[in-house]
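Protein chains in written order, with numbering that gives the first Met the number 0: chain E, 0 to 100; chain G, 0 to 230.
Keep in mind that the hints were calculated from the coordinates and are not lab data.
Virtual Cβ for every residue (Gly too), placed ideally from N, Cα, C.
Worth double-checking, as some hints may not be accurate.
To list a few chain G residues with every Cβ distance to chain E over 12 Å, as calculated [claimed, not checked]: (1) M0; (2) E2; (3) N9; (4) E66; (5) T140; (6) I144; (7) L145; (8) I170; (9) Q201; (10) V214; (11) T225.
For the chain E half of the interface with chain G, some residues (derived, Cβ under 7 Å), not all of them [to be verified]: (12) K2; (13) Y7; (14) M11; (15) L39; (16) Y74.
PhoX-like, lysine-lysine: derived pairs with alpha carbons at most 25 Å apart [claimed, not checked]: (17) K8(G) x K28(E); (18) K94(G) x K78(E); (19) K8(G) x K94(G); (20) K28(E) x K88(G); (21) K33(E) x K181(G); (22) K78(E) x K174(G); (23) K94(G) x K181(G); (24) K8(G) x K33(E); (25) K29(E) x K175(G); (26) K8(G) x K29(E); (27) K174(G) x K88(G); (28) K94(G) x K174(G); (29) K8(G) x K2(E); (30) K88(G) x K2(E); (31) K88(G) x K33(E); (32) K181(G) x K28(E); (33) K8(G) x K78(E); (34) K8(G) x K181(G).
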Amino acid sequence: MNKNFFIYLLIMSVITYAIRAIPLVFINKKITNKTVQSFLDYIPYTVLAAMTFPDIFYSTGNLISGIVATIIILYASYKELSLIQVACIGCGVVALIEIIL
Amino acid sequence: MEEIRRGMKNGIPIALGYLSVSFSFGAIAVSMGFYWWQAVLISLCNLTSAGQFASLGIMTGQGSFIEMAIVQLTVNIRYAFMSLSLSQKVDDRFKGIFKWLLSFFITDEIFAVSMLEESVSKAYFFGLAFAGASAWIIGTTSGAILGTIVPTIVHHALGIALYAMFIAIIIPGMKKHHHMIKIVLLAIILRVGFYYLPILNQLSSGFAMTISALVSALVGAIIYPTEEIHE
């Protein structure tokens, strides 16, 4: 790659780090505003939900294994299996389906 | 030490998912003409999936530095909200230099798993970060060097690991607050809209994700405040 590589790298790294560091470093008080508090309660879940759907269906390179695995993952999560168990079940189902197909 | 170990253990699903994603990143970067060490350096300095993938196109296309800055800002702005959320959950000893150092490791997955804690200690967060970041580097390096040697079936199977973990976090979380399911569904509907509707699907995925998450969390905060969690 060209000599600009390091400049590009510097720009992206600094920006990405600043976004992550500034709120955590500079907000040291507990926020008491109810609306902001509620917003922050919802954020982890809405972020994860927006990241998961619909991308999960395409994550395996095969729509059928993606959809079937999603249904099984939803069920396993509903049964409150641990994160690692659910992740392994998901991977296992996909591998199984792709071997069969 | 016990806390670090617990963090690393809970970080295993993160590591599993990261191996697959960073492996693709390494392989794709090399296929686009980058040296293997460049791919590894990008991973080492950024630790973010969408932003890194986006950067490859900008660099090979000789995009402007401004373009690089704007793309990284929009794709990664969600981390600011996670960082803000985390600032409300860290314990009293997670401060000063540790905030400067550990904030580098705020990723979607590390954040999500750490938020399952009542209060987040620096040792526990470090454990999660260590598990995630080392997998990210190992994955990138092996992807850049081994490229296409790994059978696609392994790759496909690992591809779903992160999403499986997300669902395993979301579903039990819905029981914490009875309106959560509506807000989560709203986030999904918005994101699906951005994915499939014409014009809207021109937005970068990181940006579309951020808007969907922010708007739905905002709607939730206004219509269904979560007071009972804090009582």
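With a cut-off of 7 Å, does the beta carbon of L39(E) approach a beta carbon of chain G closely enough for the hint to hold? holds, 5 Å
Are K8(G) and K33(E) close enough, with their CA atoms no more than 25 Å apart? Given pair K8(G), K33(E) is violated - Cα atoms ~34 Å apart, limit 25 Å.
Given the proposed pairing of K8(G) with K78(E), does the C-alpha separation stay at or below 25 Å? Between K8(G) and K78(E) the Cα gap is close to 21 Å, so the pair holds against 25 Å.
Checking a non-interface call: every C-beta of chain E should be farther than 12 Å from the C-beta of E66(G). Is that right? The assertion about E66(G) is violated, with a minimum of 10 Å to chain E.
Classify the label on V214(G) as holds or violated, using whether its beta-carbon is more than 12 Å from each beta-carbon of chain E. violated, 9 Å
Straight-line Cα separation of K8(G) and K28(E) no greater than 25 Å? violated, 30 Å
Could you let me know if the closest chain E CB is still more than 12 Å away from the CB of N9(G)? violated, 7 Å
Given the hinted pair K78(E) and K174(G), is their Cα-Cα distance within 25 Å? The hint holds at about 12 Å.
Given the hint that K181(G) pairs with K28(E), test it: the Cα-Cα distance must not exceed 25 Å. violated, 30 Å
Pair hint outcome, K29(E) versus K175(G) [Cα-Cα no greater than 25 Å]: holds, 21 Å
Would the least Cβ to Cβ distance between M0(G) and chain E come out above 12 Å? Answer for M0(G): holds, closest chain E Cβ roughly 21 Å.
For a C-alpha distance cap of 25 Å, please report whether K8(G) and K181(G) respect it. Roughly 32 Å between the alpha carbons, so the hint for K8(G) and K181(G) is violated.
Of the numbered hints listed earlier, those contradicted by the structure are 3, 4, 8, 10, 11, 12, 16, 17, 18, 23, 24, 26, 28, 29, 30, 32 and 34.
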